[in-house]
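Chain order of the listed sequences is E and F.
Heads up: the first sequence begins at 1 in this note's numbering, then just goes up one per residue.
Heads up: the second sequence begins at 1001 in this note's numbering, then just goes up one per residue.
Careful: at least some of the hints might be erroneous.
Stated by the list, open to error - DSBU-like cross-link-like pairs, simulated, lysine-lysine; straight-line CA separation at most 30 Å:
1. F:Lys1071 / F:Lys1131
2. F:Lys1131 / F:Lys1141
3. F:Lys1071 / F:Lys1084
4. E:Lys29 / F:Lys1081
5. F:Lys1050 / F:Lys1141
6. E:Lys241 / F:Lys1057
7. E:Lys241 / F:Lys1050
8. F:Lys1081 / E:Lys241
9. F:Lys1081 / F:Lys1141
To be verified - Going by beta-carbon spacing under 7 Å, a handful of chain F positions derived as facing chain E:
10. Gly1005
11. Gly1035
12. Pro1053
Hints in this document: simulated from the structure, not taken from any laboratory.
Cβ coordinates follow ideal geometry from the N, Cα and C atoms, glycine included.
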Amino acid sequence: MTDAIGQALHVPWQEATIERIEPQTARVKSFFLRPQSWRSFQAGQHLDVRLTAPDGYQVQRSYSVASAPGLDGLYELIVERLEDGEVSPFFHDVAEIGDAVEIRGPFGGHFVWGPEDGGPLLLVGGGSGVAPLMSILHHRAAVGVGVAVVLLQAARTWDDVIYREELIARDAADAGFALLLSLSRDTARRPQDVGRRIDKPLLEATLARLAAAPRLTFVCGSNPFVEAVSGHLVDLGLSPKTIRTERFGG
Amino acid sequence: MATRGFTGRRPAPELADRIPPGQSLTEAFPVLSAGPTPRVSLSDWSFTLKVGPRPVKHWNWAEFHALPQTKMTRDIHCVTKWSKLNTAWTGVLIDDLLADAGLAPPTPFALAHSYDGYSTNVPVADLVGGKAMIATHYEGKPLTSEHGGPARLLVPHLYFWKSAKWINGLQFTERDEAGFWELRGYHIYGDPWREQRFSAD
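Here chain E stands alone, though its shape is the one from the complex (with noise of 0.2 Å):
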């Protein structure tokens, strides 16, 4: 969807104060960020976020917001603690509840999803790259329209599940809502979860929990697990066209 506001208006940089942070896994928190100015977004979307170190060198990353539009004047961005990275580690072990960071956004048109699109919905999301379902999975809710959504997220363990327990607690409340698990190293706690990597069989079976084939498809995790999912998804009969992917690992 073309968001006119968005082409018309500069979006211009501006402070955000960390008001929340709170962990999701060993490795992935969560921060709730107040801009001084809010902007609303779609489902979806990602805001970029800026550093500056003393002498003005600067740093920009792009995160999806996990949190809905609904949730006003916040957006929550989950980082991933890269041993390497060189912004997610400030994240971790520096950034505290009061600081701030410059962002703006948030921004993209393409993986994006509200109530006029209509379903029922695939989400596949591999690690961190559940953030931007997550947005969607609440504006669904938010919006309350009927729509058939099924969530298969991949994780390498149980512990690794990031919003784990409150996708559980969904999943037995909400009839139009399914939650499958892949946990790369670790075994199934579930009967409908599995102990492998997401292949063919899984997302046919995933498919299969929908009444009718995904209106559309959000796939989102590293570009490997995006080629593999997008491309068994394909092979199973999906249109190219129905499936909408991001990739990260930039």
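For chain E, the structure is supplied; the task is to place chain F on it using the hints.
Showing chain F alone in chain E's frame:
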């Protein structure tokens, strides 16, 4: 505004002036695509030159490879914030395509079209004069599908979304018609040195 506690990791000083504002150096070659990687076989591959709606010339894979092959080593810059230096490409210059078609640039703008339905707009002045090519090889090897193979546009002085993957045609247009990302909030021109990421930058 300095960020409390942030020191950062600077590029080597001799490389610093090759990295546009807001970009970070990468040794890897990240992949960013809006959808699944399309499967294009060489036997089905073709490339069409159009003026407006009218096809004026097309080449199959063998015909395309009979055109003059040019090597180009350039720095590339992706709007998602990474830059990669000294990338080596081989392909056919847009100048040589036009020469083979017996065509002088008929309009000031062009749209590149791809097998997956992607499109992106580039002024013709940025495509001719040795500035751009249809690349079929990267670092001496056939371009892999995830990086746009069999063939992609290479316009290295603009953000890399302009270098359309899986290209199958170039269409000359009278007006600067927005392509896929340009319709979705990204800049109509995309100069990394002026940090033209989004439409009003």
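Next on the checklist: Hint validation: Gly1035 (chain F) versus chain E, beta carbon distance must be below 7 Å. Holds or violated?
Outcome noted: holds, 5 Å
Item to check | Pair hint outcome, Lys1071 (chain F) versus Lys1084 (chain F) [Cα-Cα no greater than 30 Å] | outcome: holds, 17 Å
Item to check | Given hint Lys1050 (chain F) paired with Lys241 (chain E) - CA-CA distance at most 30 Å | outcome: holds, 24 Å
Item to check | Satisfaction of hint between Lys1057 (chain F) and Lys241 (chain E), Cα-Cα up to 30 Å | outcome: holds, 28 Å
Item to check | Lys1071 (chain F) paired with Lys1131 (chain F) [C-alpha distance capped at 30 Å] | outcome: Holds, at about 12 Å.
Item to check | Restraint status (C-alpha distance of Lys1081 (chain F) to Lys241 (chain E) at most 30 Å) | outcome: holds, 26 Å
Checklist entry - Is the hinted pair Lys1081 (chain F) and Lys1141 (chain F) satisfied, with a Cα-Cα distance of at most 30 Å? => result holds, 26 Å
Checklist entry - How about Gly1005 (chain F): closest beta carbon in chain E under 7 Å, or not? => result holds, 4 Å
Checklist entry - Are the Cα positions of Lys29 (chain E) and Lys1081 (chain F) separated by 30 Å at most? => result Holds: Lys29 (chain E) and Lys1081 (chain F) sit about 22 Å apart, inside 30 Å.
Next on the checklist: Just to be careful: measuring from the Cβ of Pro1053 (chain F) to every Cβ in chain E, is the smallest value less than 7 Å?
Outcome noted: Violated, because the Cβ-Cβ distance from Pro1053 (chain F) to chain E comes to roughly 22 Å (cut-off 7 Å).
Next on the checklist: Next pair to validate is Lys1050 (chain F) with Lys1141 (chain F); report whether the Cα-Cα distance is within 30 Å.
Outcome noted: With a Cα-Cα distance of about 29 Å, the restraint between Lys1050 (chain F) and Lys1141 (chain F) holds, given a limit of 30 Å.
Next on the checklist: Hint check: Lys1131 (chain F) vs Lys1141 (chain F), CA-CA at most 30 Å. Holds or violated?
Outcome noted: At roughly 21 Å apart (the allowed maximum being 30 Å), Lys1141 (chain F) and Lys1131 (chain F) satisfy the hint.
Of the numbered hints stated above, the single one contradicted by the structure is hint 12.
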